[in-house]
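Given chain A, work out where chain B should sit, using these hints.
Just so you know, the sequences run in chain order A and B.
Going by the working numbering, the first sequence opens with residue 4, and the numbers climb by one from there.
Going by the working numbering, the second sequence opens with residue 4, and the numbers climb by one from there.
There may be inaccurate statements among the hints.
What the hints assert, rightly or not - In the DMTMM-like style, the derived pairs of lysine to aspartate or glutamate whose C-alpha atoms are separated by at most 25 Å in a straight line are: (1) LYS285/B x ASP71/A; (2) LYS332/B x ASP231/B; (3) LYS146/B x ASP72/B; (4) LYS356/B x ASP72/B; (5) LYS136/B x ASP49/A; (6) LYS135/B x ASP71/A; (7) LYS28/A x ASP192/B; (8) LYS247/B x GLU150/A; (9) LYS71/B x ASP49/A.
Honestly, the hints are just simulated from the structure, not real lab data.
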Amino acid sequence: MTRLRAVILGALGIVLLGVLWEAYKALGPAAGFEAFGIQLLPRTSDLAMPHLIDMLDRALSPVNTAADSQPVWLTVTLACLSSLGTAAVGLAVGAVVGFGLALLMLRFRIAESAVLPWLILSQTVPLIALAPVIVSWGGRVHIGEFEWQRWMSVAVIASYLAFFPVAVGALRGLQSPLAAQVELMHSFAAGWWRTVLHLRLPASVPYLIPAVRLGAASAIIGTVVAEVSTGAKGGIGRLIIEYAQSGSSDPAKAFSPIAGAVLMGLATAGVVALVALTLGRFRSNEVPA
Amino acid sequence: MRHSKRLVLGIAAAAATAALALSGCTATPSPTESATSGALTPVTLQLQWFAQAQFAGYYAALDQGYFKDEGLDVTIVEGGVDIVPQTVLADGQADYAIAWVPKALASREAGAGITDIAQIYQRSGTLQVSLKKSGITTTAGLKGKNVGNWGFGNEFELFAGITKAGLDPATDVTLVQQNFDESALLAGDIDAAQAMRYNEYAQILETVNPDTGVLYTPADLNVIDWNDDGTAMLQDAVWANTDKLTSDAAYQDQTVKFLKAVIKGWIYARDNPEDAAKIVLKYGPTLGASHQLWQTNEVNKLVWPSPDGIGIINADAWAQTVDIALHAKNLEGSTVITAAPDDAAYTNEYIQKALDALKDLDTTGAGYTPIDVTLLEGGK
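Bound conformation, chain A alone (with noise of 0.2 Å):
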């Protein structure tokens, strides 16, 4: 029953949305609303904001005049694949960092204060700064018949960012045990690693999930954007570029791959939730991040 209203509301919500931009296109000013040489509100012209369905109709149809030309659709989903692609090696490659940085840390008191205040530094770093170094760096790879790719900048970019809140939250899960549940362990003689595989671990879940829903967005937005920086070829960052270029001439088309990668946010989310619900039996108590 809450599950069904949840639905109706989420439902509501997007038509609101729709009624609210047409409604603004239909009533608001047409030259917007400026104050202090600022615009605060966009103006209604079919340039700045082209009705929904003409976004829609131009999802629909081809993206170029081309004989073997896709519709627009198909190519932001492809794009969107693509992007989700990287953004999961991102992640997978974060999470597992984020988390052997959460071990250490639990291990040595002292790896805990010399590596934690780095942590946090590293996220203050521009990505836009860092997307080129790490292409260059990249670029400079050459193991055997392996070669570094584009995308894997992008990944390596994407795990940047999803790896620190993966790393604070394993860390505040795994030290969650209360001292007498760690004393037990103790008096059953348990060694560190036992003590983590049986007590910490379990304990960490609920820290973890939200952790990793934290990471997952920052791992899609680390993509767009590095996509967006490196011009890497297939990925939805560099697809919103591409369309944005002809956004005066055509403005409906520019929409197209930004609702891709909302569409695309919404997914991972969905992904993150399937996969906690294997683990729901470790979620007693989960705290929000």
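Structure of chain B alone, referenced to chain A:
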């Protein structure tokens, strides 16, 4: 029961994740399609931007096998927002790069060891476009107007032009940072917008004019062409690694071969603009077809005719570029370069060798005539 349901969901989720990971591994094909034959020398060419007809000649050379005929296995690497081709070249990650002369000169001054070996574009493609009703017909007419520019080193022709017209860029015009597209011009935020004749100018012509209900036509627009104004700077050129040019005999030899294929590629684009545009679409299937044909045609006009032979660096045009790069000041008061570049900045040695080897072909394009291209709405 509860558990088995969870298990199924878990497996489904894991499978979905794995499928996504795999699609990431396969959905991005390597840019080169040539077979890895043992005899071919691998060569990497770095572009400034995504695949588009601006680079039609290079893609034509790749697609028509001209590089392979010279024994080269060329990989064309597309650019991106933060990719600086001359830096990629100087870092040794590309063998050749396409870059505008002023930007490359600035990188040279910052220490990049690169040399202009072929000036493919003989003319500048930068325009300052305004709507006819704004009445701006000359550079002097920009006085008191909102003038758009992209910044990032793309603005020096404009600043030189404004200064030449007797205006002060800092006080006589209002400079506006401009986006990729031309919507600010059409919305009236900018009176005169910067546009490449092969790209943004076409985007305007692909837009419906709300006053007439049909697409904008050249008759609706006024254009300032820096080539006519005498403040044009050289743009797309092929750059090579200076050190390797002076010390590496194999690289010198490879450079001549590479340029031979590039010349043949641009001749193909000149003689078969429709096919060249189709080749570009093959490498960039998300682009507009009529837009790319327009771009091929306009780019051809920048390349052809080349009276001394395609790619030869004209000493006068070079001197004009260097002069503006030395003297035109932007709003921050800085110039592109602070000292004249040394002799290694350009050489005609390799392009001349390539031209001599292709004597049978028409490498000047004296009789070149552009085609007529009909743009469709949105460039489709």
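Tested hints:
1. At roughly 10 Å between alpha-carbon atoms, LYS285/B and ASP71/A fall within 25 Å of each other, so this suggested pair holds.
2. Taking the CA atoms of LYS332/B and ASP231/B, the gap is near 21 Å; set against the 25 Å cutoff, the hint holds.
3. The hinted pair formed by LYS146/B and ASP72/B fails the criterion: a straight-line CA distance of about 54 Å is larger than 25 Å.
4. Simply put, LYS356/B and ASP72/B have alpha-carbon atoms about 17 Å apart, close enough for the 25 Å limit, and the pair holds.
5. Using a Cα cut-off of 25 Å, the hinted pair LYS136/B and ASP49/A holds, with the two alpha carbons roughly 21 Å apart.
6. For the hint linking LYS135/B to ASP71/A, the alpha-carbon distance of about 38 Å lies beyond 25 Å, and the restraint is violated.
7. Between LYS28/A and ASP192/B the alpha-carbon distance is near 20 Å, which keeps this suggested pair within the 25 Å criterion.
8. With a C-alpha separation of about 23 Å, the suggested pair LYS247/B and GLU150/A falls inside the 25 Å cut-off, and the hint holds.
9. Between LYS71/B and ASP49/A the CA atoms are separated by roughly 48 Å; this puts the pair beyond 25 Å, and the hint is violated.
Checked against the numbered hints given earlier, the structure breaks hints 3, 6 and 9 and satisfies all the rest.
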